[in-house]
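Top to bottom, those sequences are chains A and B. Quick note on numbering: the first sequence equals residues 1 to 535 in this note's numbering. Quick note on numbering: the second sequence equals residues 1 to 367 in this note's numbering.
I should point out that these hints are in silico values taken from the structure, not numbers from a laboratory. Accuracy of the hints is not assured; some may be wrong.
[Stated by the list, open to error] Computed list of chain B residues with no C-beta within reach of chain A, every gap over 10 Å:
1) D62
2) N63
3) D66
4) Y159
5) K170
6) F194
7) A215
8) V222
9) L225
10) V228
11) L311
[Stated by the list, open to error] Pulled a few chain A residues facing chain B out of the computed Cβ check, cut under 8 Å:
12) L107
13) L108
14) R111
15) G120
16) E335
Backbone N, C-alpha and C define an ideal beta-carbon position, used for all residues, glycine too.
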Amino acid sequence: MSAESETSEKAPSGAAGGPPLLEMRGISKEFYGVRVLDKVDLDCKAGEVHAIVGENGAGKSTLMKILVGAYTPTEGEVRIEGEPVSFSHPLEGQHAGVSIIYQEFNLLPDRSVAENIFLGREPKRGLLVDRRQMEERSAEILEQLAPDDPISPRAQVGLLSVDRQQTVEIAKALSLDSKIVVMDEPTAALAAHEVERLFEQIERLKERGIGVVYISHRLKEIFEIAERVTVLKDGERVDTKRPSEVTSPDLVRMMVGRELDQYFPQRADAGSRGPVKLRLRGAANYLLSNIDLDVHGGEILGLAGLQGSGRTELARAIFGADPFDTGKLELDGKEREIRSPREAVAAGIGFVTEDRKSEGLALMQSVRDNVALAWRGLRRSLRKQHELEIGELTKAVELRARGLGQEVRFLSGGNQQKVVLAKWLATEPQLVIFDEPTRGIDVGAKAGIHDLIRGLADEGVAVIMISSELPEVIGMSDRIIVMRHGSIAGELAAGPTEAEIMFLATGERDIDVDQPAATAAGGERQQQEEEEEGS
Amino acid sequence: MNRAVSRPQPRVSVGGPWNKVTGAFGAIARTTSGPVYLVLLVVFIICFAVVTIDGGEFLSVDNVRDMLVRSVALGIVAAGQTLVILGASLDLSVAYVISLSSLLGAETMDGQNGQIITGIGLVLLVGLGIGLVNGIVITKLRVNAFIATLGVGLIIRGYLEANYAGPAGKSAPDFLKLGFESWGPIPLSVILLFAVVGAVWALLRWSRFGNRLYAVGGDEQVAKLSGVRTHRVIITAHVLCALAAAITGLFLASRLGAGSPLVGQEASYDLQSIAAVVLGGTYLLGGRGGVLGTLAGVLILAMLDNTFDQLEVDPFAKDVARGLIIIAAVAAYSVRWRRRRRSEQAAAEGVEPPAGGTPALQEGRTT
Numbered sequence: 001m002s003a004e005s006e007t008s009e010k011a012p013s014g015a016a017g018g019p020p021l022l023e024m025r026g027i028s029k030e031f032y033g034v035r036v037l038d039k040v041d042l043d044c045k046a047g048e049v050h051a052i053v054g055e056n057g058a059g060k061s062t063l064m065k066i067l068v069g070a071y072t073p074t075e076g077e078v079r080i081e082g083e084p085v086s087f088s089h090p091l092e093g094q095h096a097g098v099s100i101i102y103q104e105f106n107l108l109p110d111r112s113v114a115e116n117i118f119l120g121r122e123p124k125r126g127l128l129v130d131r132r133q134m135e136e137r138s139a140e141i142l143e144q145l146a147p148d149d150p151i152s153p154r155a156q157v158g159l160l161s162v163d164r165q166q167t168v169e170i171a172k173a174l175s176l177d178s179k180i181v182v183m184d185e186p187t188a189a190l191a192a193h194e195v196e197r198l199f200e201q202i203e204r205l206k207e208r209g210i211g212v213v214y215i216s217h218r219l220k221e222i223f224e225i226a227e228r229v230t231v232l233k234d235g236e237r238v239d240t241k242r243p244s245e246v247t248s249p250d251l252v253r254m255m256v257g258r259e260l261d262q263y264f265p266q267r268a269d270a271g272s273r274g275p276v277k278l279r280l281r282g283a284a285n286y287l288l289s290n291i292d293l294d295v296h297g298g299e300i301l302g303l304a305g306l307q308g309s310g311r312t313e314l315a316r317a318i319f320g321a322d323p324f325d326t327g328k329l330e331l332d333g334k335e336r337e338i339r340s341p342r343e344a345v346a347a348g349i350g351f352v353t354e355d356r357k358s359e360g361l362a363l364m365q366s367v368r369d370n371v372a373l374a375w376r377g378l379r380r381s382l383r384k385q386h387e388l389e390i391g392e393l394t395k396a397v398e399l400r401a402r403g404l405g406q407e408v409r410f411l412s413g414g415n416q417q418k419v420v421l422a423k424w425l426a427t428e429p430q431l432v433i434f435d436e437p438t439r440g441i442d443v444g445a446k447a448g449i450h451d452l453i454r455g456l457a458d459e460g461v462a463v464i465m466i467s468s469e470l471p472e473v474i475g476m477s478d479r480i481i482v483m484r485h486g487s488i489a490g491e492l493a494a495g496p497t498e499a500e501i502m503f504l505a506t507g508e509r510d511i512d513v514d515q516p517a518a519t520a521a522g523g524e525r526q527q528q529e530e531e532e533e534g535s
Numbered sequence: 001m002n003r004a005v006s007r008p009q010p011r012v013s014v015g016g017p018w019n020k021v022t023g024a025f026g027a028i029a030r031t032t033s034g035p036v037y038l039v040l041l042v043v044f045i046i047c048f049a050v051v052t053i054d055g056g057e058f059l060s061v062d063n064v065r066d067m068l069v070r071s072v073a074l075g076i077v078a079a080g081q082t083l084v085i086l087g088a089s090l091d092l093s094v095a096y097v098i099s100l101s102s103l104l105g106a107e108t109m110d111g112q113n114g115q116i117i118t119g120i121g122l123v124l125l126v127g128l129g130i131g132l133v134n135g136i137v138i139t140k141l142r143v144n145a146f147i148a149t150l151g152v153g154l155i156i157r158g159y160l161e162a163n164y165a166g167p168a169g170k171s172a173p174d175f176l177k178l179g180f181e182s183w184g185p186i187p188l189s190v191i192l193l194f195a196v197v198g199a200v201w202a203l204l205r206w207s208r209f210g211n212r213l214y215a216v217g218g219d220e221q222v223a224k225l226s227g228v229r230t231h232r233v234i235i236t237a238h239v240l241c242a243l244a245a246a247i248t249g250l251f252l253a254s255r256l257g258a259g260s261p262l263v264g265q266e267a268s269y270d271l272q273s274i275a276a277v278v279l280g281g282t283y284l285l286g287g288r289g290g291v292l293g294t295l296a297g298v299l300i301l302a303m304l305d306n307t308f309d310q311l312e313v314d315p316f317a318k319d320v321a322r323g324l325i326i327i328a329a330v331a332a333y334s335v336r337w338r339r340r341r342r343s344e345q346a347a348a349e350g351v352e353p354p355a356g357g358t359p360a361l362q363e364g365r366t367t
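Construct the complete structure from the given sequences, taking the supplied hints into account.
Here it is, written out as structure tokens:
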């Protein structure tokens, strides 16, 4: 399994005749009776890049997890080189020649490149690990991937740049003799020149006769490298096309294909905007620079941007979790300093975090205890009349639970979010920040959360809403701030197009995508966690 | 474990101040156990100075030998403890395993040289069994390591208390040589210590098990997806740790001439060994560190003990000082680590703002 023999072995001849390298037929997948994939077909030939596009939740990741063996399909068949296969674990997929490169790398940051590449398959000489062989073989593969500037096999992975970490992942796949390499949003974290390098590496994979299944939100890339593209929507395959047969607006239409803003509550009237509640001038910390921001009472300020653009970081800074180092922060016109979440809560700021399970709720505790949490932190007591208030608060948010004593872990995602909201309502906030308020919540319950957020603004509270789902940002916000690289890239009035937001978010002119390149992985990852908990 | 989720941690190759230091010193300082040697040096200088000013002798052959011999027992347990901690586990049963082993060894030998091999063999066998139980309970029954090993430890303690009121058995005369004789100027027991530490070091660096142990401790999910049989690795680490405790018990039986049901608990080898490992720069949550750091940690503790003994300080003050030093050292490592991550993050942000891509700076909010 030396690397030289691999290169000469499979010329791109695999594209002709015979069974395709990969065939997936009629794949369906259900979780607890919910169908997330419905009879999807997909194939990939040797030396081909087959792209898969679709909105968040269209089923791309589920399909890939079935391909690599992380999930077993409810129905359908997977064949590799004509042979039916059935994986019950990603390792079995690996042995059969299927590797996946997740957006979140599977690398150990504290270990060396070679140790990562050969983890679990360390070459041995006698009883000992043959480090020299391990490093030489790594070096060989790494040099093929990046001949100009190969990565040292001894470098510590955690200290490499993102694209080089990705190269290590690709090298790992090659060292496994993979026939099929799945790449999940490989360019999401890369800079433009790094993307070029990735494409060169993909070309080399193609030359070796490897089939690449490529998931991306960036349609432009698909026209650049893919031989075919399959569009998924709501768990179904819409169509498979050659890029030459379609334009990017066609693809977007196939991906979205539904009316927007039908289920968003009415926006506030222009006149109902209240005074400025929060004002930031030149605020900065080690993740954010030069933030100028006004948030008015009664308005919903949407905060958009790619993953890692600093949206959550800004929310955390305002909330005192990672305070600003410099700049000015005013609340209700008075200059304040907020150095901890406790001070933020005392000042009337609420923060509905992105990850409600670990940051928003004490899952093992009752609805009552959770609602009282922020407020107890301030006042230290819970008397009888408070019990009544908690009842009213849960009614106000239309919580559906068996009672105040129910443990929140048994509630649905939507109801859990309502508990978090009730918790903040209890502190009578002036400003509430929502970070991905409807992530992992099913469509029906989303509308309920949206109504509650709007209701809060209607009562004069200032609302900041972070969301990676552009339809949500557009449908909900009275004003939108777009962030990029830790600072504010621009501001948009109510109802912009998705392209306008993406232009600001990426700084790229030629936007082909009406989709956030943002947090597909985030949402789906959470979904996956939930499933794992259940098993 | 939430750590599996917050994985990407992309960093730019601009590191903390250590990365600028080149040469051998830089190489040592960059390793995770690097700062340990700094602490070792500082403690050494202070102890040396204090004892010398007091009129004592710190670096005399006798004193150094005494310090080393006193490090043997803790050093061997801690070497074993390093393995389980690197695998993100823990072993609280070691103190009881030590007591049990000392008794088992001394009783089997019963003062006869012919029984030495049998005694050692039996003790190692029992140690292996206990390690297996620990490992299996943790991996297969999914009991948290803290509880699993505490439970196993309590079971052993119950057995010891029911059957022994005090020291029992008699170590074979030839076996006493391990505790008291020297090879040239070097006590046999110190050779034993270095042999154990050396073996663990080699295991970590040169064996597949070692490589995988770091992987399992660093991120179990990554290890699993790379084909590592994680349970096997954890069980092996626990077996080796229990064996190290068994060897410690044998060594103590040789020093005491008999077995004692309390010898492990009295010196609280369970918590002391964890303290030594952590003082040695190994990350308590696994995946980072090494046994040479642990050795340094043990030596730091031994120098402190020796200094306090020479100064004839109240033994309670000794414990206070130990506690303070452990906390201070670990706080220093942790601050240093956070700084380094921060500077890398800032660098990741400031460096060449890419068009169309984003440096993922989600890192700061995890863990």
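Quick rundown of the hints versus the structure:
1. Chain A leaves D62 (chain B) outside its interface by the beta-carbon criterion, the shortest separation being 39 Å against a cut-off of 10 Å.
2. A cut-off of 10 Å between C-beta atoms confirms that N63 (chain B) is not in contact with chain A; the least separation is 38 Å.
3. With 10 Å as the threshold on Cβ separation, the claim that D66 (chain B) sits away from chain A holds: the shortest Cβ distance comes to roughly 36 Å.
4. With a least CB separation of 36 Å from chain A, Y159 (chain B) remains clear of the 10 Å interface cut-off, as annotated.
5. At the 10 Å boundary, the C-beta of K170 (chain B) stays outside the reach of chain A, the nearest C-beta of that chain being 38 Å off.
6. Listed as a non-interface residue, F194 (chain B) keeps its Cβ farther than 10 Å from every Cβ of chain A; the least gap is roughly 20 Å.
7. Not every Cβ of chain A is farther than 10 Å from the Cβ of A215 (chain B); the closest lies at roughly 5 Å, contradicting the non-interface assignment.
8. A beta-carbon of chain A is positioned within 10 Å of the beta-carbon of V222 (chain B); the least distance is around 5 Å.
9. With a closest Cβ-Cβ approach of about 5 Å to chain A, L225 (chain B) is found to fall inside the 10 Å limit, against its non-interface label.
10. Taking the minimum C-beta to C-beta distance to chain A, about 5 Å, the non-interface status of V228 (chain B) is violated against the 10 Å cut.
11. Even its closest Cβ contact with chain A, about 40 Å, leaves L311 (chain B) beyond 10 Å, as expected for a residue assigned away from the interface.
12. With a cut of 8 Å, the hint placing L107 (chain A) at the interface with chain B holds, because the nearest CB-to-CB distance is about 7 Å.
13. Contact between L108 (chain A) and chain B, as hinted, is supported at the beta carbon level, the nearest pair being about 5 Å apart and thus within 8 Å.
14. Because the smallest distance between the Cβ of R111 (chain A) and any Cβ of chain B comes to about 6 Å, under 8 Å, the interface hint for this residue holds.
15. Taking 8 Å as the C-beta cut-off, the interface hint given for G120 (chain A) holds, the closest approach to chain B being about 4 Å.
16. With a least beta-carbon distance of about 26 Å to chain B, the hint placing E335 (chain A) at the interface is violated under the 8 Å criterion.
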